[in-house]
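**Q** So the protein lines, in turn, are chains A and B. The working numbering applies: residue 89 is where the first sequence begins, and numbers increase by one. The working numbering applies: residue 3 is where the second sequence begins, and numbers increase by one.
These are calculated hints, taken from the structure and not from any lab test. Be a bit skeptical, because a hint or two may be false.
Some chain B residues near chain A, calculated using beta-carbon distances under 10 Å [claimed, not checked]:
1) I36
2) V41
3) F43
4) T46
5) Q47
6) M48
7) T182
8) L186
9) L191
10) Y248
11) L291
12) A294
13) L303
14) A345
15) G356
No more than 30 Å apart at the CA atoms, straight line, and that leaves these computed lysine-lysine pairs for DSBU-like [to be verified]:
16) K169/A with K152/A
17) K79/B with K95/B
18) K259/A with K325/B
19) K258/A with K73/B
20) K26/B with K152/A
21) K271/A with K164/B
22) K95/B with K50/B
23) K79/B with K111/B
24) K79/B with K50/B
25) K90/A with K259/A
26) K271/A with K73/B
27) K293/B with K312/A
28) K168/A with K90/A
29) K258/A with K169/A
30) K367/B with K259/A
31) K363/B with K168/A
32) K293/B with K26/B
33) K258/A with K50/B
34) K179/B with K271/A
35) K363/B with K293/B
36) K26/B with K79/B
37) K367/B with K152/A
38) K152/B with K164/B
39) K79/B with K259/A
40) K26/B with K258/A
Every residue, glycine too, gets a C-beta built ideally from N, C-alpha and C.
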Amino acid sequence: MKSIIRYNLKLLFSPLKWLSSFIFICLISIFMYAPTYYDFTNICELYIPFIGIILMTDIMLVDKYNNISEILYISNSNLKKVFLIRYFIIGTLITVFILIANSIFLVQGYFEGQSYLNEPITSLEFLVISVASTLFLGTVSMTIGNFLSNQYVSYGFSLTYWLYWNINCKKQSIFNLFPFIAKPTDYVTYIVIEIGFILCLLFINSTLVQKSPFFIVDRLLNLKSVICFMRNK
Amino acid sequence: MFILLQGRVDNMQILQLTLFQIRKQITSLSFIAITAVFVIFAETQMGKLFHYPVKNNADIVSLNERGGDVKEYLYIKASPEELKINTIDYLNKIISQNQMEEEDANVFKNLIYRMDNENLSFDKAYEIIAKENPELLPWLDACRNQFQQKLGNVDEINNNIKLTLDEKGYNIIFSQKYVTYIQLISAFLILPLFLILFTNDSRSNINEIIYVQPIGSIRYILCKYFSCLIPILLILYILGETMNFYVAYKFKTSGWQADYSGFLSYYITFIVPTILFLSSLIMFLLLLLKKAIAVFPLYILYVIFNATQGAFSGHSTSNAIYKCIIRLTSENPYNNFIPLNRALYIVVSVFLIGFSCMLYKNSRKNSRRSITL
Chain A
89 MKSIIRYNLK LLFSPLKWLS SFIFICLISI FMYAPTYYDF TNICELYIPF IGIILMTDIM
149 LVDKYNNISE ILYISNSNLK KVFLIRYFII GTLITVFILI ANSIFLVQGY FEGQSYLNEP
209 ITSLEFLVIS VASTLFLGTV SMTIGNFLSN QYVSYGFSLT YWLYWNINCK KQSIFNLFPF
269 IAKPTDYVTY IVIEIGFILC LLFINSTLVQ KSPFFIVDRL LNLKSVICFM RNK
Chain B
3 MFILLQGRVD NMQILQLTLF QIRKQITSLS FIAITAVFVI FAETQMGKLF HYPVKNNADI
63 VSLNERGGDV KEYLYIKASP EELKINTIDY LNKIISQNQM EEEDANVFKN LIYRMDNENL
123 SFDKAYEIIA KENPELLPWL DACRNQFQQK LGNVDEINNN IKLTLDEKGY NIIFSQKYVT
183 YIQLISAFLI LPLFLILFTN DSRSNINEII YVQPIGSIRY ILCKYFSCLI PILLILYILG
243 ETMNFYVAYK FKTSGWQADY SGFLSYYITF IVPTILFLSS LIMFLLLLLK KAIAVFPLYI
303 LYVIFNATQG AFSGHSTSNA IYKCIIRLTS ENPYNNFIPL NRALYIVVSV FLIGFSCMLY
363 KNSRKNSRRS ITL
């Protein structure tokens with residue numbers, strides 16, 4: 089088990105991606121205007137999901153880019169397990185990044201003589217809100233990437249999704265990426281629904297990774313031939 | 003003579019390649035999807051123009067649901083009598099639902115009694131409360147905010163629109179809104195398109211094939227760049243002009259005397275320089291960093307800074323020379339700001355395109371010479 093985790097960690101390790109995500113969260117924590125911890129939570133919920141897109145989209149596409157997806161398909165490896173391990177690694181990394189962002193903000197506040205002890209929001213709430221939004225957008229992006237085997241299309245879709253909810257962030261909905269911004273007094277239910285969606289997408293992805301690399305194309309071709317057959321009939 | 007002929011053949015080749023790339027671009031799934039998103043965003047952000055001028059109650063309901071600045075047309079001042087009746091009803095409702103402390107409820111019961119029997123107006127009642135129980139004023143403030151305006155009928159709303167537009171038509175307001183929203187949206191949406199464009203050769207493993215083709219690297223990269231830029235600009239122009247024309251048509255057919263003003267000047271001044279600059283920035287970053295994923299956070303951070311500066315500085319977003327997106331909905335920029343800003347970004351775009359060409363040429367000579375991490 090340890091060796092599988094270590095191997096996948098090596099495979100997922102991308103200094104450029106990790107470094108750019110790290111710089112991104114540092115810049116958010118340092119330069120964004122957040123006079124209170126409550127504002128900081130809003131900012132993190134709004135902007136940290138981008139690192140979800142960066143880190144999560146291609147966790148299963150790396151096999152394709154390394155030309156090993158066919159080999160993995162015919163090997164004895166449990167692809168579902170591999171997928172969940174990779175998701176766990178990236179999920180942990182995202183959590184660590186969010187905790188770093190939180191620490192930078194608190195340290196900065198300490199040096200500026202600010203105390204966030206009496207804020208209506210706790211560090212745990214901040215963590216849950218930020219992690220849920222980040223994982224949700226990252227998982228949506230990854231699902232589209234896995235379906236279409238193209239990370240750029242998933243970037244486009246997830247950016248559009250973020251943009252739509254950024255414009256309509258005050259509209260509370262089960263699909264809203266920012267439930268805390270929409271209604272700070274009643275967001276828990278929506279976070280739970282968001283986590284439910286994440287689990288649902290994880291199930292779809294774990295099923296998809298066990299299929300052949302040509303699974304989607306085969307299904308589409310079958311559908312096309314059925315349509316042609318129906319027309320000729 | 004031979005050199006001239008050779009030059010003409012080269013130009014033909016470039017034109018053919020650009021046209022081929024444009025054809026490839028506009029038939030690609032990603033381009034169609036992005037165009038669809040542009041149309042959807044234009045509809046969701048500016049769909050209210052389909053209900054101008056107001057013809058029936060369905061239009062009023064739709065406009066009311068959309069909210070935003072459209073409310074300034076929808077609401078008219080309520081009469082003092084309506085304000086008084088609605089206030090009494092509201093206070094009675096609050097008292098009957100026990101949402102007010104008993105002591106306060108008694109004060110308001112007494113006030114309602116006096117308003118009914120002594121025929122006191124809302125303002126008079128407000129004065130009495132301000133004098134006797136100033137701590138209860140927030141209740142009356144809430145009533146005033148809620149009931150001093152009411153939803154107008156078709157004629158009243160159209161009259162409001164006429165007064166605001168001052169017979170200038172809706173075209174100017176539409177153009178201002180369109181260029182503002184489209185600059186913001188396109189800043190995000192062009193990223194995947196250009197990333198796909200410039201990584202396509204390496205993904206398809208055709209770098210070597212292109213290298214041995216009789217076309218210069220600078221010409222090749224420019225062909226690719228403009229083959230993506232031209233369709234985007236065309237789509238945005240067609241979309242904007244269609245909506246602008248539709249607005250003018252609706253006002254004309256409704257019998258309104260409104261001047262038609264074109265959309266082209268707004269398009270050339272605002273949308274073209276912004277997209278030119280942002281696309282050249284993406285191209286430059288991608289050719290410099292060589293990795294699409296490295297461009298993503300840098301570019302997104304820059305766009306966020308442009309779009310929501312308030313998140314960085316704390317005060318409301320304003321137009322500034324260091325921001326390529328000019329907003330026309332929030333405030334009017336000072337006179338020389340627009341030409342200065344646009345000229346700056348066009349010049350920077352030209353430099354970025356030039357640097358990108360140099361980078362691409364160098365990378366073709368030596369593919370290993372790149373920033374890799």
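**Q** Would you mind marking each hint as holding or not holding in the structure?
**A** Hint check:
no.	hint	verdict
1	I36	holds (7 Å)
2	V41	violated (12 Å)
3	F43	holds (8 Å)
4	T46	holds (8 Å)
5	Q47	holds (8 Å)
6	M48	violated (12 Å)
7	T182	violated (12 Å)
8	L186	holds (8 Å)
9	L191	holds (7 Å)
10	Y248	violated (23 Å)
11	L291	holds (8 Å)
12	A294	holds (7 Å)
13	L303	holds (6 Å)
14	A345	violated (28 Å)
15	G356	violated (26 Å)
16	K169/A with K152/A	holds (18 Å)
17	K79/B with K95/B	holds (23 Å)
18	K259/A with K325/B	holds (29 Å)
19	K258/A with K73/B	holds (17 Å)
20	K26/B with K152/A	holds (24 Å)
21	K271/A with K164/B	violated (37 Å)
22	K95/B with K50/B	violated (35 Å)
23	K79/B with K111/B	holds (27 Å)
24	K79/B with K50/B	holds (22 Å)
25	K90/A with K259/A	violated (44 Å)
26	K271/A with K73/B	holds (23 Å)
27	K293/B with K312/A	violated (36 Å)
28	K168/A with K90/A	holds (16 Å)
29	K258/A with K169/A	violated (38 Å)
30	K367/B with K259/A	violated (53 Å)
31	K363/B with K168/A	violated (44 Å)
32	K293/B with K26/B	holds (23 Å)
33	K258/A with K50/B	holds (19 Å)
34	K179/B with K271/A	holds (28 Å)
35	K363/B with K293/B	holds (17 Å)
36	K26/B with K79/B	violated (56 Å)
37	K367/B with K152/A	holds (28 Å)
38	K152/B with K164/B	holds (18 Å)
39	K79/B with K259/A	holds (28 Å)
40	K26/B with K258/A	violated (39 Å)
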